[in-house]
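Two chains, two frames, some hints: make the complex.
Read top to bottom, the protein sequences are chains G and W.
Using our numbering, you'd call the opening residue of the first sequence number 1 and step up by one each time.
Using our numbering, you'd call the opening residue of the second sequence number 1 and step up by one each time.
Quick caveat, the hints were computed from the structure, so don't treat them as lab data.
Don't take each hint at face value.
If you want the footprint, here are the derived chain W segments under chain G, 3+ residues with CB under 8 Å [stated by the list, open to error]:
#: 1; segment: 21-35
#: 2; segment: 45-54
#: 3; segment: 135-145
#: 4; segment: 180-186
Calculated from the model, a selection of chain W residues having no Cβ within reach of chain G, i.e. all distances over 12 Å [claimed, not checked]:
#: 5; residue: V3
#: 6; residue: T100
#: 7; residue: K155
#: 8; residue: L233
#: 9; residue: Y253
No residue lacks a Cβ here, since even glycine has one placed at the ideal position from N, Cα and C.
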Amino acid sequence: MAVQTEMRQGKKPGILIAEIYFRPAELDISDFTRADLVFEKVDHSGISYEVRAFLNNPEADETTPRNRESEGYGGRFVVFGHGGCYGDIGHCDIPTERRGPHDLRLPHPLTPQTNIITVTRALEHVLHQGAGELTSVTLVPISKDPIRENRGLTEDLFKFSEVELRTYYG
Amino acid sequence: MAVRKAIRGLSPQELTRFRDAITRQKALSDERGYNYFAGLHGLPLPIECEHGTSLFLPWHRAYIYFWELALQDLVPGVGIPYWDWTSDVAHQRGLPEAYTEERVNGVENPLFSTTVEWSRELIDQVLQNPRLRGTLTQEGRTLRDPDPPDELPRKATIDRILALRSFEDFSISLEQVHGDVHVWGGGAMSQVPTAGYEPWFTAHHSMIDRLWYLWQLDHPGGDPPATIMQTVLTPFPMRVADTLDIERLGYGYAVQNAQ
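So that you can see chain W by itself, here it is in the shape it has in the complex (with noise of 0.2 Å):
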């Protein structure tokens, strides 16, 4: 079973497993690569990600999931990690250090940013609309400009959603804050076409993904509507009622959150 740890909770090993995964599969241009991973959430079209609806955390979940399998078969037994942005590390020094650093013994950092393998007619469609200049470089690569630290969402804002009683409540409130650490983090991060390429956008998700199992556990039976179990979250061989158990995907979290 895979474990998602905290990102500032990895001993210097597990990083660098994790780094080395992200590594590899950058180096993959197929549909096991990064590259493909990141653009089924954004561009190249067709765009898949679910937002607005039920399907948001559904999806989500199954996406983070496949990303994860195939960095697995790169590393074996590699989990994804999450950041928790409400945690007083997290306030006062914004990103982990894990993504911040440009460079690791004397090698790029994977987790620093990332080129798209995009068409340069795609990568200048981007970039000449005004609104979208500062998510990619020229050359394409991921950019950030994030706010600060103290303005990420707060624990008692998190209590607050985890207490609501339906799902549609919960999924509604937490997408809303899922979308505030997008725009906190600037830069590619805070639009949806170029988000998926920027390196922590995996953590950020494995959190999300964290929260509804929290939710989960104190909720039994507080599924998505009956109306889109059946519904396929494509591009994912999976339906909405197959996302609802992560024991049964075979992934877990750490219940130590060390930061």
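This is chain G alone, in the form it adopts within the complex (with noise of 0.2 Å):
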């Protein structure tokens, strides 16, 4: 559907915005029974963190509150970081081209992976007692220090090749 490889800084760095349009020709509830937000190749080699996504919210950061009618909360994933590399130099250096037919390995443990966080109720919200079009969504990314005092907002962590919008029907 709507896919955004290019994203503007949010409120303060470390927040991005994804300027996505959806607008259904037809405001139905029933047009879409499912709503995602797919992010690709998201790094997880460093320490966990979490990702808050809200929609048609440029102003959000790590202090709006979650809440989907005011603020347009969509949801949060977490990634499960490793923590760093404790290997020689090269061992966590991923590899960029594709394996032979006859390499049995595994995928190297820092592969990117996909991350989805569903928003049906949010975006239903959004179009029909909000704006009536998606036209934004700011991604706020937040450390998961094993203390939590030392949580935050972090301009580090988070990267990631696109995100997109995928609506499901039926």
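This is the structure:
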């Protein structure tokens, strides 16, 4: 559906805004039964972190209440992080070339992953009670340090290739 | 057949037997020991755990299965209990008391923490990373810093995931919730290199495995992709296809979910 690879910075460094546009031809709640934000090639090599998504709320930050109605909160995903590299030089370099058909090794453990936030109800709210169309998704990454008081907005952990809004019908 | 029960539903005798098995396993320093199994998931290298692919559920099923067999060699018939973090009591009180009591009957509770059997150099390497402080003490003992209990995943979220139809959808969604509970615990549990050493790690993964089992019951034929069915789950001598039937593996989950 709508894919976004280019991001702009949100209210603070680390916050990203994807300008994803979605407006169904007919605003009928039965048009889609499920809507997902799908994040591709998400990095999990550092410490753990979470990403919160807000629809049509470019001012969202780490202090924004996770409230669907007032703030456009769509949901979150958590990345369980590898916490850095403990091998020698090159140990955590992810092969960039596709392995041959006779190479039976498993994928490199740090191969970027796919993450999903199901935003069905938040998107329905935007379309039916809000602006009537989706214009942006604000992504707020928050570190998940082992000590709670050290957690906060992070600039260096959340790396990914693209985010796509997928809607499902029937 | 080993029956995995809810940790809060264990009788005092069952909990004592489980604690006894963990205590005995912690006393072993070879490949039958607690540190060996905990280390398969994280440090020391190699980190064997599978995350972010369709191997996540099969690999962790094999992992907990072999860990449980090693415990049964020490205390016959013992099962790894699961922690239902969606339950009302979990949302009110957080971690089960079985894991939070520092001492039981005057002796150290083996479910309270673990001391990693790493080299001094490796412990220092981890602790010198400022973002991993809080996983271990200077002596290498696991630490915790859990979030408020009501931040745990809710039953409605799990019900939605259990209703997903494809294995890939289910696996990705359940793995995200799995990560959520890891970081909820803070401390050692919140990061891959140290998580396996946290004593409630096995109860968490027993719960994840149970949810996959429940999903399998409702989705017959909902197997992992055919392309990975013959993949070997290193370091365990099992293929993905070998993990699909828990009855064949000789364990089951208690129907009665006493909390």
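| field | Per-stretch coverage check for the segment 135-145 of chain W, three Cβ contacts closer than 8 Å to chain G | value | Coverage by chain G holds here, the residue count being 3 at a Cβ distance below 8 Å.
| task | Quick one: see if chain G covers the segment 21-35 of chain W, three-plus residues with Cβ-Cβ under 8 Å. | result | violated (count 0)
| field | Cβ separation check - K155(W) to all of chain G, threshold 12 Å | value | For K155(W), whose nearest Cβ neighbour in chain G is about 16 Å away, the distance exceeds 12 Å, so it holds.
| message | Minimum C-beta separation from T100(W) to chain G exceeding 12 Å: can you confirm that? | response | holds, 17 Å
| query | Would the least Cβ to Cβ distance between V3(W) and chain G come out above 12 Å? | reply | holds, 28 Å
| Exclusion check [Y253(W) not at the chain G interface, CB over 12 Å] | Non-interface label on Y253(W) holds, nearest chain G Cβ at 24 Å vs cutoff 12 Å.
| query | Mind checking, does the segment 45-54 of chain W have 3 or more residues with a CB under 8 Å from chain G? | reply | Since 7 is at least three, the answer is holds.
| field | Coverage of the segment 180-186 of chain W by chain G, judged on three or more residues with CB within 8 Å | value | Result for this restraint: holds, n = 4.
| Is it the case that L233(W) keeps its Cβ farther than 12 Å from each residue Cβ in chain G? | Given that some Cβ of chain G is not farther than 12 Å from that of L233(W), nearest at about 9 Å, it is violated.
In the structure shown, a violation is registered for the earlier hints numbered 1, 8, in ascending order.
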